[in-house]
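Using the hints, position chain B against chain A.
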Amino acid sequence: MKKFSFFKKKKSVNYSKEHQIYVRKLTKEKWIIRLIQVLILVAFFVLWEVLTMYGVLDPFFISSPSRMIATIEDLYVSGELFLHIGTTLYETVIGFILATAIGYLIAVILWWSERLRRIFDPYIVVLNSLPKIALGPLIIIWFGAGTTAIIVMCILICVIITTLSLLGSFLSCDKDKILLMKSMNAKKYQIFFKLIVPNSMGDFISVLKINVGMSWVGSIMGEYLVSKAGLGYLIVYGGTVFKLDLVMTSTVILCLLAGLMYFIVARIEAHFKR
Amino acid sequence: MESKRKEILKFENVSLTYHTKSDEILALENVNFSVYEGEFVAIVGPSGCGKTTILSLISGILAPSSGKIILDGRDITQKPESAQKRFLKLFKKKPKEKNKQSEIGYMFQRDHLFDWRTIWKNVTLGLEVQGRKNDTETKEKLDNLLNKYGLGPFKNKKPTQLSGGMRQRVALIRTLAINPKILLLDEPFSALDFQTRLSVCDSVSEIIANEQKTAILVTHDIAEATSMADRIIILSSRPGTVKRIVDVNLKHLGPPIVRRESEVARTLFDEIWKDLIVYNTEPSSSKEKTDEKI
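Listed in order, the protein sequences are those of chains A and B.
Following the working numbering, the numbering of the first sequence begins with 1 at its first residue and continues without gaps.
Following the working numbering, the numbering of the second sequence begins with 275 at its first residue and continues without gaps.
Okay, chain A solo, but in the shape it has when bound (with noise of 0.2 Å):
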């Protein structure tokens, strides 16, 4: 088995001299490239700061990295924070979870039926074209105003895609190599998990990455519509009653957290790719 973990291991082996000039070429052209990304975040927030603190730019509508500070520094005294960082995190990642185990076993549903995926076919265009934030209404009605609406908007918006781009995947397995595997009086699911399943695996992890993002528009949005905590609540707040300041940090945190998601997600790519 291998073992799994979330930063590289360096093989210590003597390699020629060339080799290293190349390898420590490498490894700098990654570092300047590093620097220069850090660079720009530290000189745009500098330069926010800066512009603000001599009236530039007016801090009551674009806030300032200082004022930022301030009111994360209010939201963790008044134990407010956590709150509202657990609350959307927790809505984030159990739509996420759910929604891609359900558009994964319809995926497989409709992959093992021919029959069944040639009638649900137009329903599953409808479904994909149509907004859903559209069923915001319907869902507060059915699932209440609170944490489960939420969870549901969030599995809708990716569960479509979700299974549309696996069950693209899974039938576009070589026809030649399904054969073979019949060739071996391979039952169906034996050419589904050792075949369809890892040959698919690189467009799982897209899927992983397209559902990253879609499931923080699903509880962003989820917030909007119906909440009483959450950062898509802080937002919506903040931007009624004119405190511009717990917007910009509600949206920051966001960035931050989303980012953190899809480093999850890509450190478990690289280690089914290795």
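Straight-line Cα separation of at most 30 Å, DSBU-like style, residue types lysine-lysine; simulated pairs:
id, chain 1, residue 1, chain 2, residue 2
1, B, Lys432, A, Lys177
2, B, Lys395, A, Lys177
3, A, Lys194, B, Lys413
Which bits of chain B does chain A cover? Going by a derived footprint, with three or more residues having C-beta under 8 Å, they are:
id, segment
4, 376 to 384
5, 400 to 411
Label-pair restraints from in silico Cβ distances:
id, chain 1, residue 1, chain 2, residue 2, range
6, A, Met201, B, Thr470, 26 to 32 Å
7, B, Asp346, A, Ser206, 41 to 47 Å
8, B, Glu411, A, Gly202, 34 to 40 Å
9, B, Trp547, A, Ser129, 56 to 62 Å
10, A, Met201, B, Lys431, 18 to 24 Å
11, A, Lys175, B, Lys431, 22 to 28 Å
12, B, Lys431, A, Tyr15, 16 to 22 Å
13, A, Arg118, B, Asp297, 20 to 26 Å
14, B, Glu281, A, Phe193, 37 to 43 Å
Hints listed in this document are in silico derivations from the structure and should not be mistaken for laboratory results.
Predicted, not measured: the structure shown is a model, and the values here were computed from it.
We treat Cβ as the ideally placed atom computed from N, Cα and C, and that holds for glycine.
Frame of chain A, contents of chain B only:
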């Protein structure tokens, strides 16, 4: 001599018509031939004559419009049971078919090794699927074959680390795990460069001879057919019919690479080449297009 040997495959007046929504095309007409156990038969013919169609018929992907195909004494063209019968069968206790021997092993133009499995896991896929993980005898045989053809050191490597020729050898060894009655080789060398092709031809020919397997090779390369096969079936252009069956019997000369150079093989090559060139003037372009769709 042939009458003594067991007939493993027989085509009896096989015809096939393709139906599309807008057209129907007669692809094969009254094809008759037999393949005997342990024999290496090549099928050559102009492009679009239905060479690959014949393989699809043998493997049961396609059913003939008329005629009979008998594989190892069993008529494989018999219509499958009706849905009603199959449904009723669900309630009957049926004897478990364990270790049912595979009928057909494949080698395609592409090796179709599973990239996520190591070479050894690829080779033993058939055993795994058939629940014969403890079949040490077969495993030993496969291991020996891998070692013999220089693949031993790559057992735990992934297919991406192997060259095209090595991958095709692995693909052949993989089919031997399931011990098929007949091997269908669908232009397995055409994606390889010339040098590799010659050496893979030699290995494949040697493995098949040592394992005493029956093989049918479909190829567009006449030299390949004359150097590897015991008999060559020449098809005419569409609708495909058996134009001629040529006895080759050059096995005594040595491996294919030597047979290729022999005078007999060259004469045969010229003869067959003339056969095909006459027919090449006939097919119209529209016919070739429909073949690609199929």
